[in-house]
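*Asks:* Next come the chains, spelled out residue by residue.
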Amino acid sequence: MKNSSLLTRGLVPLFGLIFFILLWQLTSGFYHQVVLPSPLEVARSAVKLTAGGQLWEQGGQTIGRGLAGFSLAVLVGLPLGLFIGLSPLISSLLRPLIVGLQVTPLVSWLLLAMIWLGFSKVPSFVVFVTTLPLIIINTIQGVRNIDKQLLQVAQVFQINRARLFREIYLPQVLPYLLAGIITALGTTWKAVAMAEFLSVSTGVGARMAVARINLETADLFAWTFVLVGLGLLTDRLLSHFVNKKLRHWM
Amino acid sequence: MIAFERVYKTLGQTKVLQDFSLQAPKNEITCIIGPSGCGKTTMLQLLAGLETPDGGRITGMAGLGLSYVFQEPRLLPWKTVAENVAFVLDDAVTETRKQELIRKYLSLMGLYEYRNSYPKALSGGMKQRLALCRAFAYPHDILLMDEPFKSLDTPLRLGLVRAVAEMWQEKPRTAIIVTHDIVDALLLGHRVVVLSARPAVVLDEIEIDVPLTERNVLQEPLPTKHARMLALLEGENKKYFPGFGNI
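Those sequence lines, one after another, are chains D and U. Quick note on numbering: the first sequence equals residues 0 to 249 in numbering that gives the first Met the number 0. Quick note on numbering: the second sequence equals residues 0 to 246 in numbering that gives the first Met the number 0.
If you're looking for bench data, these hints aren't it; they were derived computationally from the structure. Fair warning: there could be bad hints in the mix.
[Claimed, not checked] SDA-like, lysine to any residue: derived pairs with alpha carbons at most 20 Å apart:
1. U:Lys103 x D:Gln154
2. U:Lys224 x U:Val201
3. U:Lys78 x D:Gln154
4. U:Lys78 x D:Leu169
5. U:Lys78 x D:Leu173
6. D:Lys244 x D:Arg160
7. U:Lys119 x D:Leu169
8. U:Lys126 x D:Val142
9. U:Lys78 x D:Val142
10. U:Lys97 x D:Asp146
11. D:Lys243 x D:Ile181
12. U:Lys149 x D:Leu177
13. U:Lys119 x D:Gln154
14. U:Lys78 x D:Arg162
15. D:Lys243 x U:Asn115
16. U:Lys126 x D:Ile181
17. U:Lys78 x D:Ile181
18. U:Lys126 x U:Gly109
19. U:Lys78 x D:Ala153
20. D:Lys243 x U:Lys126
21. U:Lys126 x D:Leu173
22. U:Lys126 x U:Glu71
23. D:Lys244 x U:Asn115
24. U:Lys119 x D:Leu54
25. D:Lys147 x U:Lys224
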């Protein structure tokens with residue numbers, strides 16, 4: 000059994016990756032490097048960007064903006080989700096608003112943010128509005144799934160409100176919140192790059208705009224891999240943290 | 000004295016209690032036995048304030064500290080064994096007393112060595128024992144138990160029955176125990192209330208005048224009481240399943 004898990008988790012995906020890169024290398028031979036740069040050219044470009052310090056500088060900007068918008072979404076979304084989950088009145092009051100928030104096109108937010116906040120805050124704002132509904136909806140889901148039997152236990156043993164919240168509600172909402180956070184962080188890096196591309200002159204998204212204009216397709220690929228890497232890294236780190244935190248009882 | 004006075008309670012479409020009255024004397028153990036679905040759990044929930052009566056009233060509960068063993072263990076899965084007991088003690092007793100109580104009751108139930116495990120790692124019987132620990136450790140004047148020994152094997156069940164008897168002997172308090180098992184009732188009840196099927200009425204209140212620690216199911220008057228309870232419950236069965244016994 001151990002061998003088979005090694006096979007599926009380590010070796011086989013690695014072969015898949017190697018196969019994909021080889022295929023890419025082969026295909027790129029038929030096209031001009033502006034259309035499809037070879038893996039080697041992309042690697043060269045990545046080294047250039049890393050050595051020139053661009054990776055850290057632009058990547059840092061993007062991460063900062065993404066995390067700012069995302070953190071604000073958690074800070075606002077968690078209490079809001081708890082309120083909505085606990086009160087049917089607030090729930091019916093805010094439901095249309097949240098659904099509206101979810102289906103509003105990204106480009107509308109982008110343009111509105113430019114008008115309301117000026118260009119520099121657009122990326123963080125866009126991340127905020129795209130991740131906020133994810134946090135809110137997951138938190139509501141968590142509150143709705145609270146075990147009523149445990150609430151009775153707390154009532155019988157006269158657990159006060161603060162502890163009821165901290166020791167009964169929060170642990171049960173946590174798995175849902177963390178699931179929301181993982182999804183939201185995945186969205187964060189896509190949204191921030193898109194917003195940077197359309198609104199500012201720094202950050203990974205903005206560098207992709209520059210690469211496009213200069214027909215530096217290898218750079219475009221390299222930046223894309225930076226974003227992919229960022230997404231994978233945060234996903235893995237968080238999933239690892241979640242497993243460690245919840246495996247005792249989930 | 001704790002009393003139900005002409006209590007009515009409807010849950011959903013079901014009229015669980017209709018004009019129901021019952022008394023449970025102070026500092027005695029009252030066992031309630033009766034057919035499934037006759038409203039025994041609802042009675043405990045009404046006493047605990049988890050449900051409110053639709054009519055009539057419940058007296059004698061005001062100001063009493065209450066502890067409760069639910070039919071399911073109802074543990075907090077994100078807390079360890081020790082933390083589950085600590086959870087109910089945190090605001091109720093001092094830190095030193097809390098540690099004392101945790102050690103005492105976990106040891107009594109054979110769970111002390113598992114104090115740092117999570118409920119997920121415990122067997123069904125261990126979970127139920129932990130639920131008992133939690134209820135026993137919590138300071139109380141009255142103890143409500145809803146089929147507390149349900150998921151336990153016979154030797155363990157008898158051991159726990161003895162433990163409850165000894166705890167009562169050490170400090171007599173009011174307890175109301177709902178059970179399906181006549182033997183539990185014979186060994187633990189100062190009074191055994193036998194209920195009819197729904198709508199529940201008290202068929203008989205059987206007093207058992209033998210000290211808890213000296214009871215033996217094979218020694219009179221217990222066999223006679225046993226026979227009486229069986230006859231009453233069987234009578235209820237015949238009323239609802241007239242086909243039984245004619246096979």
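*Asks:* Next step is simple, just say for each hint if it's right about the structure.
*Replies:* Hint check:
{"no.": "1", "hint": "U:Lys103 x D:Gln154", "verdict": "25 Å, violated"}
{"no.": "2", "hint": "U:Lys224 x U:Val201", "verdict": "16 Å, holds"}
{"no.": "3", "hint": "U:Lys78 x D:Gln154", "verdict": "18 Å, holds"}
{"no.": "4", "hint": "U:Lys78 x D:Leu169", "verdict": "13 Å, holds"}
{"no.": "5", "hint": "U:Lys78 x D:Leu173", "verdict": "14 Å, holds"}
{"no.": "6", "hint": "D:Lys244 x D:Arg160", "verdict": "24 Å, violated"}
{"no.": "7", "hint": "U:Lys119 x D:Leu169", "verdict": "19 Å, holds"}
{"no.": "8", "hint": "U:Lys126 x D:Val142", "verdict": "25 Å, violated"}
{"no.": "9", "hint": "U:Lys78 x D:Val142", "verdict": "19 Å, holds"}
{"no.": "10", "hint": "U:Lys97 x D:Asp146", "verdict": "26 Å, violated"}
{"no.": "11", "hint": "D:Lys243 x D:Ile181", "verdict": "15 Å, holds"}
{"no.": "12", "hint": "U:Lys149 x D:Leu177", "verdict": "37 Å, violated"}
{"no.": "13", "hint": "U:Lys119 x D:Gln154", "verdict": "23 Å, violated"}
{"no.": "14", "hint": "U:Lys78 x D:Arg162", "verdict": "14 Å, holds"}
{"no.": "15", "hint": "D:Lys243 x U:Asn115", "verdict": "16 Å, holds"}
{"no.": "16", "hint": "U:Lys126 x D:Ile181", "verdict": "33 Å, violated"}
{"no.": "17", "hint": "U:Lys78 x D:Ile181", "verdict": "24 Å, violated"}
{"no.": "18", "hint": "U:Lys126 x U:Gly109", "verdict": "12 Å, holds"}
{"no.": "19", "hint": "U:Lys78 x D:Ala153", "verdict": "14 Å, holds"}
{"no.": "20", "hint": "D:Lys243 x U:Lys126", "verdict": "23 Å, violated"}
{"no.": "21", "hint": "U:Lys126 x D:Leu173", "verdict": "23 Å, violated"}
{"no.": "22", "hint": "U:Lys126 x U:Glu71", "verdict": "9 Å, holds"}
{"no.": "23", "hint": "D:Lys244 x U:Asn115", "verdict": "15 Å, holds"}
{"no.": "24", "hint": "U:Lys119 x D:Leu54", "verdict": "46 Å, violated"}
{"no.": "25", "hint": "D:Lys147 x U:Lys224", "verdict": "39 Å, violated"}
Going through the hint list in order, the structure does not satisfy hints 1, 6, 8, 10, 12, 13, 16, 17, 20, 21, 24 and 25.
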